[in-house]
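There are 2 protein chains.
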Amino acid sequence: MTAERAAPDPSKGSHPTPRECVLAFCAAWSGPDLDEVIRWLGYDIVYHNMPMAPLHGIAATEAYLRTAGPFERSHWEVLNIAADGEIVLTERIDRMTVRGREIVLPVMGTFRVRDGLIREWRDYFDLAAYRAQYPQDA
Amino acid sequence: MTAERAAPDPSKGSHPTPRECVLAFCAAWSGPDLDEVIRWLGYDIVYHNMPMAPLHGIAATEAYLRTAGPFERSHWEVLNIAADGEIVLTERIDRMTVRGREIVLPVMGTFRVRDGLIREWRDYFDLAAYRAQYPQDA
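Line order of the protein sequences matches chains A and B.
Residue numbering for the first sequence follows our numbering, starting at 711 and increasing by one per position.
Residue numbering for the second sequence follows our numbering, starting at 711 and increasing by one per position.
Hints listed in this document are in silico derivations from the structure and should not be mistaken for laboratory results.
Be careful, since some hints might not be right.
Partial list, derived from the structure: chain B residues whose beta carbon lies under 8 Å from chain A [claimed, not checked]:
1. 790
2. 792
3. 817
4. 830
5. 834
6. 837
Computed list of chain A residues with no C-beta within reach of chain B, every gap over 10 Å [what the hints assert, rightly or not]:
7. 793
8. 836
9. 837
To give an idea of the chain A side of the interface with chain B (calculated C-beta under 7 Å), a few residues [said to hold, decoys possible]:
10. 756
11. 760
12. 761
13. 790
14. 792
Here a beta-carbon is modelled for each residue, glycine too, at the ideal position from N, C-alpha and C.
All chains, full assembly: derive it from the sequences and hints.
Laid out in structure tokens, this is it:
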């Protein structure tokens, strides 16, 4: 994947701010454009949906994201965002469509961004609220 | 309650910043010092534990907080905090002791602070993670 990435290159010396990176990452979930989602993640990403086990590294994270749902459509609405250095905190409403049914999930997420790539991503939400909306029929 | 409050008085014209207010509020949970916790909340507070129904106003919020748990001890560890104007976003580990058993809960919370008082408070967490740790015996 690395060679294909169009993400900011640390060797170029100039990156969008951590806040800008996270906003672009959230915007990439509209669609979703999973290639664009994944290009914002560092190879050493630690991705943790807090109610579940954390995933370590880009391979595990990409494998999860490409099969999660799977989401026919998705859109993240960023309600609030604030940054402090490398850390960006978000409050969002994530919308995901699975087998024609829209799941609406209130989420807060923490991101650590270094050299223009997300290195840590932790999402906080109520897992039961997600599962209650997930379509049970095939 | 209003007359008893030692919280910052808008008429005095000078308040701690929203970030400072939220840090003081989080610190008041050490103990907990519920009088101090409550004095940081505005009369018009909307308090929403996202997995549950929102509470409107200081009376409903105070009644809930004074009976929640009840917590023999508590401590909030602020992992990350970032502010943007009136909005303060936090990532925390909340620890609460109920009947001798410590509950450890990863939480993110959004606060809106105006005139030195918290007007909106939304906590995002996995309700099942809380309930699984809550002591079942009397």
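When the nearest CB of chain A is found for residue 817 of chain B, is that gap smaller than 8 Å? holds, 7 Å
Hey, does the residue 792 of chain A contact hint survive, CB to chain B under 7 Å? Holds, about 4 Å.
Looking at residue 793 of chain A again, its CB stays over 10 Å from all of chain B? violated, 6 Å
When you look at the beta carbon of residue 837 of chain A, is every beta carbon of chain B farther off than 10 Å? violated, 5 Å
Taking the closest Cβ pair, is residue 830 of chain B under 8 Å from chain A? violated, 10 Å
Residue 834 of chain B as an interface hint toward chain A, with CB separation required under 8 Å: This hint holds: residue 834 of chain B lies near chain A, its Cβ roughly 4 Å from the closest one there, short of 8 Å.
Quick check on the hint: residue 790 of chain B CB to chain A CB, less than 8 Å? Hint holds; residue 790 of chain B Cβ to chain A Cβ min 5 Å, cut 8 Å.
Can residue 756 of chain A be said to touch chain B, with a Cβ gap under 7 Å? Violated, about 14 Å.
Would you check whether residue 760 of chain A satisfies its interface hint, that is, whether its CB is within less than 7 Å of any CB in chain B? holds, 5 Å
Does residue 837 of chain B hold up as a contact with chain A if the rule is Cβ-Cβ below 8 Å? Constraint on residue 837 of chain B satisfied, holds at 5 Å.
Least C-beta distance between residue 836 of chain A and chain B, which was stated to exceed 10 Å: violated, 4 Å
Restraint check, 7 Å cut-off on beta carbons, for residue 761 of chain A near chain B: Holds, because the Cβ-Cβ distance from residue 761 of chain A to chain B comes to roughly 4 Å (cut-off 7 Å).
The earlier numbered hints that this structure contradicts are 4, 7, 8, 9 and 10.
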